[in-house]
Amino acid sequence: MGKLEGKVAVITGGATGIGRAAAKRFIDEGAFVFIFGRRQEALDAAVADLGPNARAVKGSVSDLADLDRLYGAVKAEHGSLDIVFANAGAGSQLRLGEITAEHVDETFDTNVKGTIFTVQKALPLMGEGGSIILTGSSAGTTGASAMSAYSASKAAVRNLARTWAEDLKGSGIRVNVLSPGATATELAKEALGEEGQKVFASMTPLQRMADPTEIGAVAAFLASSDSSFMTASEVAVDGGLAQL
Amino acid sequence: MKKLEDKVAVITGGSSGIGLATAKRFVEEGAHVVITGRREKDLKEAAAFIERNVTTVVGDVSHLEDLDRLYAVVKEKHGHIDILFANAGAGTIAPLAAATEAHFDQTFDVNVKGLFFTVQKALPLFKDGGSIILNSSVSNVLGLPGFSAYAASKAAVRNFSRAWTLELKDRKIRVNTMSPGPTETPALETTTGLTPEQAEQAAGQFASQIPMGRRGKPEEIAAAVMFLASDESSFITGVDLAVDGGMAQV
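Sequences listed follow chains A and B, in order.
Residue numbers 1 to 244, in the working numbering, belong to the letters of the first sequence in order.
Residue numbers 1 to 250, in the working numbering, belong to the letters of the second sequence in order.
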């Protein structure tokens, strides 16, 4: 029996990369998964691959009406929700001196405001035994050139979990942060190129980038009762990148 | 397939509490375990509880010759090690003004020196690609009156995992720290020097400081150790995994 048997999960940014790998793993463990993303084509491809225990809802986490539609669909089909993996994120790069208001707004709208409302709007459907997982980043505790808005937004995400563990006291709902390091998603491989991937691998104590399935495995741990005494924690899945 | 099928695991301090629950879980997941403890009677009871695939070695991690004996048994019986949970710890309570040299020495002998050599002496038997888990404590980042030596020793443990991550990376051995919060184990009553009434009071006080409103169960800590021992955590190394109900996180 899978460790998420009969559970209902929402994964934002679930059509590709880490979200997609987590969706596959959750389904393998017995869950029904709603993936949420902005591109219909990517969602269709994901659902075709993930099979009958996946549904797609198109939308953006920075648009509250889209989130209402997402949870409306969950409620209509399942009535309740056990797991939220608030994973959608944005991260373009601009050095200090070049930063624009649009860049800051876009980064924080998706990573911070989007995460807040992804979780807040899920709560009416959640109860005892629920698990919320927020995608942070090794960038949340390190400095990297041109990443100031992104890393600040991910530090904010890490701190949301601290407050929410207190706000959710007594509800039986846990909230933790999963902070990946360099991960070899299709998007990252394309953006970094061969050379860029080598640089990230060499910076990482494990001397390689993560496979998205390795991040999905940790998301499944945090979603399951194996992490039942963990809340407000941050689990770094970064090959040691930000740990030493 | 089980997560630790045919893996060989060594667990120090395996006769009670977190160590025992972890040994039980490892065996359920398919591993063979070798557990150590200082009292033969407790080890025998632990072995009976674990039921199968368990070997016991009496010994104290602060005695290096005991560690040599432990690893000689492991070598003879299994030939190698895949997983090490360096879990044995000591923690009597003593306020700064009243602490004795013996208190300080015992705390650091077991928690720091004992753990250091537990890992060092395991290395010749360690399979490349294995997993080492060091038991630290939420106190590694918290101030708790009466626990200063303990907390400092556990901060030392957390930092071992940083250097060792680098020292062992070429062998693909992952090294992580796991930091439990207050847990429902016999230790609070048996090792801290508290009376049963004081222990009960302390347990209640801890629960009130934990966002989850309760202490952890040994099985919950064991589940997290299992995660770090298995390939589920294949991209996790050098971390301090807090399993503390939020106690040191908020």
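For the record, the hints were derived by calculation from the structure and aren't laboratory data.
Among the clues, some could well be false.
Said to hold, decoys possible - Over the 10 Å line for every Cβ pair with chain B, so calculated as not near, a few chain A residues:
hint, residue
1, Leu64
2, Asp66
3, Arg174
4, Glu186
5, Gln197
6, Ser227
7, Gln243
As the list claims (entries may be wrong) - No farther apart than 25 Å at their CA atoms in a straight line, the calculated lysine to any residue pairs in the SDA-like style are these:
hint, chain 1, residue 1, chain 2, residue 2
8, A, Lys3, A, Ala201
9, B, Lys172, A, Ala184
10, B, Lys172, A, Gly196
11, B, Lys121, A, Phe32
12, B, Lys3, A, Gly129
13, B, Lys2, A, Leu244
14, A, Lys3, B, Glu219
15, A, Lys121, A, Asn159
16, A, Lys75, A, Leu94
17, A, Lys24, A, Leu244
18, B, Lys2, A, Asp226
19, B, Lys2, B, Ala47
20, B, Lys3, A, Glu29
21, B, Lys172, A, Arg208
22, B, Lys127, A, Gly129
23, B, Lys113, B, Gln205
24, B, Lys169, A, Ala201
From the three backbone atoms N, C-alpha and C, an ideal C-beta is built for every residue, glycine too.
The hints, checked one at a time:
| no. | hint | in the structure |
| --- | --- | --- |
| 1 | Leu64 | 27 Å, holds |
| 2 | Asp66 | 31 Å, holds |
| 3 | Arg174 | 8 Å, violated |
| 4 | Glu186 | 18 Å, holds |
| 5 | Gln197 | 15 Å, holds |
| 6 | Ser227 | 7 Å, violated |
| 7 | Gln243 | 3 Å, violated |
| 8 | A:Lys3 to A:Ala201 | 32 Å, violated |
| 9 | B:Lys172 to A:Ala184 | 19 Å, holds |
| 10 | B:Lys172 to A:Gly196 | 23 Å, holds |
| 11 | B:Lys121 to A:Phe32 | 46 Å, violated |
| 12 | B:Lys3 to A:Gly129 | 24 Å, holds |
| 13 | B:Lys2 to A:Leu244 | 32 Å, violated |
| 14 | A:Lys3 to B:Glu219 | 16 Å, holds |
| 15 | A:Lys121 to A:Asn159 | 19 Å, holds |
| 16 | A:Lys75 to A:Leu94 | 40 Å, violated |
| 17 | A:Lys24 to A:Leu244 | 31 Å, violated |
| 18 | B:Lys2 to A:Asp226 | 15 Å, holds |
| 19 | B:Lys2 to B:Ala47 | 21 Å, holds |
| 20 | B:Lys3 to A:Glu29 | 14 Å, holds |
| 21 | B:Lys172 to A:Arg208 | 11 Å, holds |
| 22 | B:Lys127 to A:Gly129 | 37 Å, violated |
| 23 | B:Lys113 to B:Gln205 | 31 Å, violated |
| 24 | B:Lys169 to A:Ala201 | 13 Å, holds |
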